[in-house]
Amino acid sequence: MLIEARELVKIYAMGEAEVRALAGVSADIAAGEFIAVMGPSGSGKSTFMNLLGCLDRQTSGEYLLAGERVSQLGPDRLARVRNRQIGFVFQHFNLLARTPAVENVELPLVYAGVPGKQRRDRAMAMLARVGLAERAHHQPAQLSGGQQQRVAIARALVTEPLLILADEPTGALDSRTSLEIMALFQELNRQGMTVVLVTHENDVARFARRILRFRDGRIVRDEPNAAADAARALRAEAVPA
Amino acid sequence: MNIGALLRIALRALAINKLRSALTMLGIVIGVGAVIVMIGVGAGAQKRVEEQIRALGSNLLLIMSGARTQGGVRLALGSGQTLSEDDALAINREIPEALAAPALRGGAQVIWGNANWSTQIYGTTPEYLVVREWQLAAGRAFEPAEMSGAGKVCLIGATVARQLFGSADPVDQVIRIKRVPFTVIGVLETKGQSLMGTDQDDVIIVPISTARARVLGSATQAKQRAVATIWVKAAEGYDTKVVEEQVRALLRQRHRLQPGSDDDFSLRNLQEVMSAQEASSRVLALLLAAVASVSLLVGGIGIMNIMLVSVTERTREIGLRMALGARTRDILGQFLVEAVTLSLIGGLIGVGLGLAASVAIGSFLGWRVLLAPEAVGLAVSFAFVIGVFFGFYPARKAARLNPVEALRFE
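From first to last, the protein sequence lines stand for chains A and B. Going by the numbering used here, the letters in the first sequence line up with residues 110 to 350, in that order. Going by the numbering used here, the letters in the second sequence line up with residues 9 to 418, in that order.
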């Protein structure tokens, strides 16, 4: 199992009150899966993603990433886990402004301590993989939303992580561009990358092969996505290969 | 992460807000510049006082004849004739740690060839040169025979030498002082301005016996051995105040003054005057540097202010960097390097401007400004410390952000 989550509980203190964001979530995710996490806002899906991404710690429960009990690691080790094993994709891309695309992609390698030349080569290769080789020296402001998200995906992939965590990756894109981005995720998944994405759009969730539905801090439904094949067909129509 | 990578990140971040970075730096530029100029001005003033003091001679006491009362009018100090050469001899004899030189003073016109010049004539003894720590630039000092025999020989100051002889060699030339021919046997070293601003080199020194007999005239000196002033030097390592009291006691005894009556002479401890001047110039230098440091401190607060704004503005960026694997120390280092870069660049520009301003002040205002390499080093390291000190709090604030909240920050 790539991810083993056992009875994850997360309680936030909001002044006097306590908010139980996760009320005991268990899930196993195998390498190579493509999972959509769905649910209304406040259902705990973002909290779940933050725990999976080692950005936050659970109040109780157990989380094993590739067999490692990451919740017991210190902050620097956690940073290393985020750096080497997880690729993040955000709704608003979170690219560094006025910084060329290729340097944005290099950023995780900077923190990994990869030397400059090798860093540049790997970043360029990853940009080529998402189809933006010729835009490598453009700044984010000179790129379209879809292109920016591709740069962000290249950045998530550049350290060759175990899994990609995408938080509403199409939330800031129009529907046509959304389809392109989802097709890219699907392609990466077909090449063996584990992808977990949060969304509340059914059109987006359709691309996943398994859907986790959250409500009130619990997983209320965990089912394979029958529509996945249909989505593939849709992609073939919408996006010429 | 190595320092080069951090520096690149810092420079890019600073380049994004060029105007803001420049204005923030300006605080440090002004602060460092002010420190350099003020230390320069202060050190210059101090040096000037020190030089004047060295020119006057150290451990000096000056005794002047008391005021004379003439028909109820008290005349100036030195107008009375209460001091005599014998007082000086007595001091030399009775107080081993003091060296005294009596002096007569008057103005006279001097002529060499067709050049002439009005100057001060000092009639004194060979001890005078020792007391004033005055060396000869050329020629020789008086010989005993010239002292006792009222020899017509003289030593001339640098100003007199220049005015009368120009570039010619004055030694062994004959000049006329009040129409009396004198052989120049030596030229005194340059002493420069006195503390009071008079030219100490505008002087001719003759044996005291010669001065009395031929130049300054005995008509004004009713008493045969009266002198206007006696210069006294306390030997090195002796407290001038103790020597001052010994001299005072000796003179009072010699002048047969009753206990409780006023001195009939005036005794000034020049050493104390000079020490006070030196101390005040030191305090001035310190004060200037302190005021300049305050402006540097204000510059540092400016850096802290801007860094805090920057951390808040870039909360999302910090969250992102953390998500991508930046450790606490990477974030801390990034913002610390940014603050130090601001302060160091500002510091270096400040050094340049400060040095330029020092030179400008020196040449336009004619002030003496001392450019000390230590001041440059001090100001730059001070700027560095300011960067670290005022950058640390904002950087730590950034490094302590919770990545989840930082990423959600709007």
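Hints in this document: simulated from the structure, not taken from any laboratory. Keep in mind that a hint or two might mislead.
Among chain B residues calculated to face chain A with C-beta under 10 Å, some are [unchecked claim]:
#1 24
#2 28
#3 30
#4 31
#5 320
Interface residues of chain A toward chain B, partial, derived using beta-carbon atoms under 7 Å [claimed, not checked]:
#6 121
#7 159
#8 166
#9 186
#10 192
#11 219
#12 234
#13 289
#14 292
#15 293
#16 295
#17 296
#18 297
Distance ranges between label pairs, derived from CB positions [said to hold, decoys possible]:
#19 A/175 <-> B/316: 38 to 46 Å
#20 B/305 <-> A/296: 56 to 64 Å
#21 A/247 <-> B/316: 28 to 36 Å
The model shown is predicted, which means the values in this text are computed figures rather than measured ones. Note that beta-carbon positions come from the ideal geometry of N, C-alpha and C, so glycine has one too.
Here's how the hints hold up against the structure:
1. 24: holds, 5 Å
2. 28: Violated, about 14 Å.
3. 30: violated, 17 Å
4. 31: violated, 19 Å
5. 320: With a closest approach of 16 Å, the residue 320 of chain B hint is violated.
6. 121: Given a least distance of 10 Å, the restraint on residue 121 of chain A is violated.
7. 159: For residue 159 of chain A, the interface hint holds, since the closest Cβ of chain B sits about 5 Å away, which is under 7 Å.
8. 166: Interface hint status for residue 166 of chain A: violated (10 Å vs cutoff 7 Å).
9. 186: It is violated, given that the least Cβ distance between residue 186 of chain A and chain B is near 9 Å, above 7 Å.
10. 192: holds, 2 Å
11. 219: Nearest chain B Cβ about 6 Å off; hint holds.
12. 234: violated, 18 Å
13. 289: violated, 23 Å
14. 292: violated, 25 Å
15. 293: violated, 20 Å
16. 295: violated, 24 Å
17. 296: violated, 23 Å
18. 297: violated, 18 Å
19. A/175 <-> B/316: 38 to 46 Å: Taking Cβ atoms as reference, residue 175 of chain A and residue 316 of chain B lie about 39 Å apart, which means the hint holds.
20. B/305 <-> A/296: 56 to 64 Å: At roughly 58 Å between Cβ atoms, residue 296 of chain A and residue 305 of chain B fall inside 56 to 64 Å, so the hint holds.
21. A/247 <-> B/316: 28 to 36 Å: With a Cβ separation near 32 Å, residue 247 of chain A and residue 316 of chain B satisfy 28 to 36 Å, so the hint holds.
Checked against the numbered hints above, the structure violates hints 2, 3, 4, 5, 6, 8, 9, 12, 13, 14, 15, 16, 17 and 18; every other hint is satisfied.
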